[in-house]
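Got chain A; can you put chain B on it based on the hints?
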Amino acid sequence: KHIKSLKTRNLKESMKKGGCGECKTSCTVGNQSCKA
Amino acid sequence: MIHQFKQNGYDIVLDVNSGSVHVVDDIAYDAIALYNDKIIEHHISEEEALPSIKSEIRSRYSDVSDDDFDELIGEIKELRNDGQLFTEDIYEKFVRDFKNRITVTKALCLNVAHDCNLACRYCFAGQGEYQGDRALMSYETGKAALDFLIEHSGKRRNLEVDFFGGEPLMNWEVVKKLVAYGRSQEKEKNKNFRFTITTNGLLLNDEIIDFCNKEMTNVVLSIDGRREVNDRMRPTRNGNGSSYDIILPKYKDFAKKRGDREYYLRGTFTHYNLDFAEDVLHLADMGFKELSMEPVVALPSDPYAIKEEDVPVLIEQYDKLAKEYVKRRKDGRGFTFFHFMIDLSGGPCVAKRLAGCGSGTEYLAVTPWGDLYPCHQFVGEEKFVLGNVWDGITNTEVQEGFKHQNVYEKPKCRDCFARYYCSGGCAANSYKFHGTIDDAYDIGCELQRKRIECAIMIKAALDEDADEAEEAEQA
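Heads up: the sequence lines are chains A and B, in that order. Quick note, the first sequence lines up with residues 1 to 36 if you use the working numbering. Quick note, the second sequence lines up with residues 1 to 475 if you use the working numbering.
Chain A with its partners taken away, still in its complex shape (with noise of 0.2 Å):
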């Protein structure tokens, strides 16, 4: 009722599939898409 949550990537559950370093360079990382 008084809370409505936005659709997010879980930086917790991100450490046991993340890692790969597939992803581009950043001049943001704020910005960037991850294979996500």
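Just to be clear, a hint being listed does not mean it is correct.
[Stated by the list, open to error] Derived pair list, reagent style DSSO-like, types lysine-lysine, alpha-carbon separation capped at 27 Å:
| # | chain 1 | residue 1 | chain 2 | residue 2 |
| --- | --- | --- | --- | --- |
| 1 | A | Lys4 | B | Lys54 |
| 2 | B | Lys327 | A | Lys4 |
| 3 | A | Lys7 | B | Lys289 |
Keep in mind that the hints were calculated from the coordinates and are not lab data. Fair warning: this is a prediction, and the values are worked out from it, not measured in the lab.
Just chain B now, with coordinates in the frame of chain A:
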């Protein structure tokens, strides 16, 4: 750790360590703040804290019943149990592994021209020459750079190469030959080159536009917005005529021919145009859809530098721009603003957020003479020369300094809600202001935090719009 903010009618709670974003009502906004203060920060037990939170909430919102309050606390506790609210920072212990990670080179910035046909007053490259001699990169040096990238990229298939300067179109024949050479190597070496170019637009013509549309994954076209703003900081070399008048028709032609492929009109704002939102909207009103307008990074001694007292004005401008951004999106007249883009559902993993931009390891800049630097902003700073394209990286000590960079190395980042979105900020800006790559540029941090808030608010607003459309469809 949570971060709460209100913007454009939205109450937003960011759970920093999980990346969760919650859009809440006023009652929940206050209750979450009280819960965080008493139970999370001051470790008061729920049994003791909840009655005082309830009392405080009811003093502010008289129509909240016991059932309402219990329901709200239930929502908060459910999110906490699900790891979406008040989550702990568990990433620091992985930094040791992170420092020992194996990196490959993913991208090169090829400074094909240390020369320029404009005389921009704020140029970090000192009007193209990078505080050195004018020079154009030879085909042989560029070819050696591409060979270096292929050799040092491991099994990675996609390789980024940005033609940069100075003004890269002043060395156009070499650019074309290097693209052809890269393409000739793709099949045999199992690589895919993604070429990009950053230009001031003066030399754009039909042949160059057609080539870019065929070969360049992205093209960045420099312009600062309104005519008088642009021409004040981006004068021609001889001081005659308006660079705005020369480039604008070319950019319109380019954007029309570019179609759906990526491009950016990219500008710099300074102390002279603190109302930079007007410059963004000026470009949007002319039909350009992909826009970026970025604060100049200059020392306080420069008259055009952004000063600490300018920051509140700039914050207001970002607010204004974000509001208009949402309005135009909903009206079907939307545009893209580089710093308002954020991917909440498919963004980078923690490993990437810790590693940051990749300068000095995954990303390198190459001078016309083949010297390697950590990034384009360090070119000309002799102590940062990492090696060259023939001998590879020889200055491993400097490279290690870049490899070890992460948000836990910077005291300013420890309590900052934005740390997983900016990854500690720009090493070159830190060096410019503090003489070390391990600090952060304070004004840049303040503006970055605001931009992230704007980006999240925009997501909330557009998400609400999508929900309303879905409900209307179901009705």
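Cross-check of the supplied hints:
no. : hint              : verdict
1   : A:Lys4 / B:Lys54  : holds (21 Å)
2   : B:Lys327 / A:Lys4 : holds (22 Å)
3   : A:Lys7 / B:Lys289 : holds (26 Å)
Every hint from the earlier list agrees with this structure, and none is contradicted.
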